[in-house]
Amino acid sequence: RFKPFSKYPPVLKDISMWIPESFNDNDLCEIIRDEGGDQVEKVELQDAFVHPKTKKASKMFRVVWRDMSKTLTNEEVNAKHEEVLKRVVSELGVELR
1 RFKPFSKYPP VLKDISMWIP ESFNDNDLCE IIRDEGGDQV EKVELQDAFV
51 HPKTKKASKM FRVVWRDMSK TLTNEEVNAK HEEVLKRVVS ELGVELR
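Heads up: the sequence shown at position 30 corresponds to 30 in the numbering used here, and the numbers run straight through without jumps.
What the hints contain is simulated information worked out from the structure, not anything from laboratory work.
Don't take every hint at face value.
[What the hints assert, rightly or not] Here are the computed distance ranges between Cβ atoms for each label pair:
1) V50 to Y8: 12 to 22 angstroms
2) T73 to S22: 28 to 38 angstroms
3) P9 to A79: 25 to 35 angstroms
4) F49 to R1: 34 to 44 angstroms
5) S69 to W18: 12 to 22 angstroms
6) F49 to S22: 14 to 24 angstroms
[Unchecked claim] Restricting the straight-line Cα-Cα distance to at most 27 angstroms, the calculated cross-link-like pairs of lysine-lysine (DSS-like) are:
7) K7 to K59
8) K53 to K70
9) K7 to K80
10) K56 to K7
11) K59 to K86
12) K70 to K56
13) K80 to K55
14) K42 to K53
15) K80 to K53
16) K7 to K55
17) K70 to K55
18) K42 to K86
Each residue gets a CB set at the ideal place from its N, CA and C atoms; glycine is no exception.
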């Protein structure tokens, strides 16, 4: 089925974090979608590694923000992205990098 696409440019934001063993990618995506709604076009895992000495796990996700009706400003996206960051720290127990 055809899904319309936006003619407006995306705003890319990365989230890099140390994650606890209980971390689930879907929980992160739910928080991002909850805060961003239809303005979140995509969430993609970009990098994952385990520190060789500390054995701490890290993941980095790229969030693509885009609106169907207008160009999003950095200020608009930054405000929502900050809310996402606050929630992932408090709700998922991650440590931002």
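Here's how the hints hold up against the structure:
At roughly 38 angstroms, the beta carbons of V50 and Y8 sit outside the given window of 12 to 22 angstroms. About 35 angstroms separates the C-beta atoms of T73 and S22, a value consistent with the hinted range of 28 to 38 angstroms. Our hint of 25 to 35 angstroms for P9 and A79 is violated, since their Cβ atoms are close to 18 angstroms apart. Here the CB-CB span from F49 to R1 is close to 37 angstroms, well matched to the stated 34 to 44 angstroms.
Judged by the Cβ atoms, the range 12 to 22 angstroms given for S69 and W18 is violated: they are separated by roughly 37 angstroms. With their beta carbons about 18 angstroms apart, F49 and S22 fall inside the hinted range of 14 to 24 angstroms. Distance restraint check for K7 and K59: the Cα-Cα separation of roughly 30 angstroms exceeds the 27 angstroms cut-off, and the hinted pair is therefore not satisfied. This hinted pair does not check out: K53 and K70 have alpha carbons roughly 46 angstroms apart, beyond 27 angstroms.
For the given pair, K7 sits about 21 angstroms from K80 by alpha-carbon distance, which is consistent with the 27 angstroms threshold. Between K56 and K7, the direct Cα distance comes to roughly 40 angstroms. Violation of the 27 angstroms bound is thereby established for this hinted pair. Taking the CA atoms of K59 and K86, the gap is about 17 angstroms. The hint holds against a cut of 27 angstroms. Taken as a hint, the K70 and K56 pair is broken in the structure, with Cα atoms around 40 angstroms apart against an allowance of 27 angstroms.
Distance check on the hinted pair: K80 and K55 sit about 31 angstroms apart at the alpha-carbon level, beyond 27 angstroms; violated. Between K42 and K53 the CA atoms are separated by roughly 33 angstroms; this puts the pair beyond 27 angstroms, and the hint is violated. Distance check on the hinted pair: K80 and K53 sit about 35 angstroms apart at the alpha-carbon level, beyond 27 angstroms; violated. About 43 angstroms separates the Cα atoms of K7 and K55, which puts this hinted pair outside 27 angstroms; it is violated.
Proposed proximity of K70 and K55 is contradicted: the alpha carbons are some 44 angstroms apart, above 27 angstroms. A C-alpha spacing of about 20 angstroms is found between K42 and K86, which places the hinted pair at or below 27 angstroms, so the restraint holds.
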